[in-house]
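Residue numbers (UniProt numbering), protein chains in the order written: chain A, 1 to 333; chain B, 1 to 427.
Certain hints may be false.
Unchecked claim - DSS-like, lysine-lysine: derived pairs with alpha carbons at most 25 angstroms apart: (1) A:K144 <-> B:K392; (2) B:K87 <-> A:K144; (3) B:K353 <-> B:K387; (4) B:K78 <-> B:K108; (5) B:K130 <-> B:K418; (6) B:K392 <-> B:K328; (7) A:K144 <-> B:K189; (8) B:K151 <-> B:K108; (9) B:K130 <-> B:K260.
Unchecked claim - Residues of chain A placed beyond 10 angstroms of chain B at every Cβ, according to the derived structure: (10) I157; (11) S161; (12) L258.
Think of the hints as simulated: they come from the structure by calculation, not from any bench.
Using N, Cα and C, we set each Cβ at its ideal position, and we do this for glycine too.
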Amino acid sequence: MPTQLLFGAEVFLNGLMAGVLYALVALGFVLIYKASGIFNYAQGVMALFAALTLVGIMDGQVPFSHLINAMLGTDVHHFGWHVNALISIILTMGVMIVLAYCVQQFVFRHLVGQEPIILFMATIGLAYFMEGFGDLMWGSDIKKLDVGLPQGGSFWIEENSQWLGFGNEEFYGFFLDQLDIVATGIAAILVIVLVLFSQYTKQGRAMRAVADDHQAALSVGISLNFIWVMVWSVAGFVALVAGIMWGAKSGVQFSLSLIALKALPVLMLGGFTSIPGAIVGGLIIGVGEKMFEFIVGPMVGGATENWFAYVLALLFLVFRPQGLFGEKIIERV
Amino acid sequence: MKMKLITAAVAALVAASPAMADLTFSSLSYRTGPYAANGIPFADGYADYFTLLNERDGGIGGEKINLVECETGYNTEKGVECYESTKGSGALVYQPLSTGITYQLIPKATADGIPVHSMGYGRTSAKNGKVFSNIFNYPANYWDGASVAIKHLLDINGGDISGKKIALVYHNSAYGKEPIRTLEELSKKHGYDLSLLPVDHPGQEQKSQWLQIRRERPDYVIMWGWGVMNQVAIQEAVNIRFPMENFIGIWWSGSENDVKPAGEAADGYKALTFHNVGSDYPLYEDIQDYVVDAGLAAGAGDQIGTVLYNRGLYAAMLAAEAAKTAQKIHGTSAITPAMMRDGMENLEMTEGKMTALGLPNFGPSFKVSCENHGGDGFGAVTQWDAKAGEWKMITDYMQSDQDVLAPLVAADSEAYAKENNITPGCN
């Protein structure tokens with residue numbers, strides 16, 4: 001097989017893996033938009049906040065230690081213990097549920113019936129608040145996140161795919177990052193769980209009912225408050241998963257909130273209201289941008305990935321504004 | 001009643017204004033936002049040195065130091081706002097701490113007669129003081145950095161790197177593109193093959209670039225990164241098992257923040273520097289006694305001795321020494337920004353001077369002049385020791401290739417002079 005073809009296949013596979021990571025971020029947006037019509041600008045910051053909280057709990061960091069020390073003249077930073085990763089994830093999820101409750105209780109409950117742009121603006125405010133709150137709570141240093149996920153290229157795949165080169169010394173076997181493989185597995189499980197939850201549980205059906213028609217859902221006794229807290233909690237969980245995957249790559253730091261930028265073209269492509277759309281959109285963007293960079297990048301000086309993702313999304317906006325799987329927009333005059 | 005109100009207002013204004021006899025220094029810091037992890041240690045080092053001078057020496061030349069800090073969030077617009085809002089306080093010199101902000105301040109500060117010190121960043125050709133009268137970038141600039149990296153590679157290859165493959169992984173911005181011209185010129189001289197791999201901002205996703213590196217197997221990778229791009233690049237290099245000792249970052253890609261997320265696997269990664277590392281200097285004992293123990297440390301006081309803390313402290317030390325030089329030249333302790341500019345232009349840092357300050361072998365010796373606002377272009381190489389959790393200086397300071405760089409600086413600064421109708425010259 002020609003080497004370039006093998007390299008292309010390697011880029012394709014890595015694009016799929018990258019797409020899964022993009023989809024993980026996009027999923028959180030979709031969940032909230034689908035259930036409440038809110039485009040949650042704070043989704044990236046939620047991933048950051050969740051990851052910060054996870055590392056803080058794991059490392060036994062004293063929350064608000066800088067503030068406490070400044071006010072009381074103390075010098076406390078750590079409790080002196082380390083918490084198991086699984087327990088930390090559960091505790092972090094608890095924090096995200098509390099956060100969801102607070103967001104609903106103190107922000108969106110007061111904005112029911114407001115224009116979508118008002119709700120969007122509220123999420124911008126929420127993003128800034130959470131970023132500052134996370135900084136105050138856990139500090140702004142870059143933290144290493146180690147929940148036991150494997151990192152680095154898989155030796156097994158590399159060694160067992162070398163034969164494809166038929167002795168070609170330029171081909172060293174396929175490179176696939178173990179973290180990306182794990183992320184793919186986790187994302188698959190997450191999507192299956194989300195689908196099962198929304199199809200087969202009482203709360204899931206209530207969530208879908210609210211997504212379909214708030215008024216009708218309310219009239220049959222579904223508590224909007226409860227559903228929205230639940231949706232924000234589920235989005236918080238998705239943000240935590242995304243935060244773990246991205247944080248394992250770069251360390252947990254405030255740039256993590258910028259991963260939302262990677263989700264936007266995915267949403268435009270897949271549609272804002274479709275969970276499968278987020279996954280398929282993520283995969284198309286991931287593969288598309290990597291293949292474009294591989295084939296066209298060298299001719300134009302590289303760094304085409306962001307450009308390609310947004311241009312592709314723009315094309316979809318022009319020809320199919322609702323995205324691949326979004327609900328068809330019908331407006332009667 | 002009216003008189004009383006006016007008197008009270010004037011009194012309040014006087015109380016609120018900084019004492020004009022103080023020497024005011026500005027600190028355009030970024031303690032918030034995506035780059036806060038890098039901004040905090042620099043700002044802490046900058047502030048702690050001035051606090052030390054106030055507490056130990058009573059300021060500079062008998063004048064207390066008034067440090068005005070303004071949060072930029074590493075945002076160019078905010079940085080310019082900070083400049084505009086603080087220049088009235090009589091700030092003697094600005095450290096923009098961002099190439100973007102520096103570019104914006106070059107014409108403004110020059111018009112206002114206020115000097116700017118962009119230490120290891122900003123516009124490289126500002127080295128030519130005949131064109132950039134108020135801009136200083138000593139002791140080294142980006143082009144020096146690129147040249148020092150190549151010199152190091154020459155050193156470890158017995159002086160011959162012809163035929164070697166070198167890849168530049170760079171932030172796809174004006175900052176990241178700075179070394180390209182220099183590396184291209186040096187490739188003609190030394191015969192290496194240069195490949196360019198831009199990374200889009202912010203740099204969280206670099207799979208394509210590192211797959212390309214894995215395919216092409218360059219002998220060395222040089223990185224011009226910033227923020228999250230650094231941590232991801234180092235992790236990706238680890239993932240493809242690229243030898244860390246063949247991976248060299250510019251000084252903005254060489255702090256503890258950049259290597260720690262990758263853990264022990266980052267061991268051996270190299271970075272350039274223009275100042276020394278660690279805290280084993282007599283001056284740090286004074287910092288402990290007069291600043292930390294006195295409860296006056298900036299921030300949380302937990303950054304002392306880190307790479308970026310040292311850089312902030314070094315910047316403050318150079319500013320203080322320039323102020324002392326200005327006081328000497330003009331025979332007054334209450335210097336103005338214009339006098340400070342003169343002090344910077346006549347600054348001379350020697351090993352003897354740094355030893356006397358409690359910072360032996362901390363930075364290179366250099367002399368500034370009207371023709372040369374950038375120092376002598378000395379840099380060194382540090383290496384990360386993951387087990388010890390510290391950076392180690394592995395080379396002496398070496399001078400960049402002035403034969404190649406001087407014509408580049410001259411050409412770029414002359415082009416700027418032509419565009420802006422500046423007649424190059426010394427006052």
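Results for each hint:
At most 25 angstroms may separate the alpha-carbon atoms for a hinted pair to count; K144 of chain A and K392 of chain B meet this at roughly 21 angstroms. The suggested pairing of K87 of chain B with K144 of chain A is violated, with an alpha-carbon distance near 39 angstroms, which exceeds 25 angstroms. Between K353 of chain B and K387 of chain B, the direct Cα distance comes to roughly 34 angstroms. Violation of the 25 angstroms bound is thereby established for this hinted pair. A distance of roughly 15 angstroms separates the Cα atoms of K78 of chain B and K108 of chain B; the hinted pair therefore holds under the 25 angstroms criterion.
Under the criterion of a C-alpha separation no larger than 25 angstroms, the hint pairing K130 of chain B with K418 of chain B is consistent with the structure, at around 13 angstroms. Proximity of K392 of chain B to K328 of chain B is assessed by CA-CA distance (about 37 angstroms); at most 25 angstroms being required, the pair is judged violated. At roughly 42 angstroms between alpha-carbon atoms, K144 of chain A and K189 of chain B are farther apart than 25 angstroms, so this suggested pair is violated. Between K151 of chain B and K108 of chain B the alpha-carbon distance is near 36 angstroms, which puts this suggested pair outside the 25 angstroms criterion.
Restraint check: the Cα-Cα separation between K130 of chain B and K260 of chain B comes to about 42 angstroms, which exceeds 25 angstroms; the hinted pair is violated. Chain B leaves I157 of chain A outside its interface by the beta-carbon criterion, the shortest separation being 13 angstroms against a cut-off of 10 angstroms. At the 10 angstroms boundary, the C-beta of S161 of chain A stays outside the reach of chain B, the nearest C-beta of that chain being 13 angstroms off. L258 of chain A, annotated as away from the interface, has a beta carbon of chain B within 10 angstroms; the closest lies near 5 angstroms.
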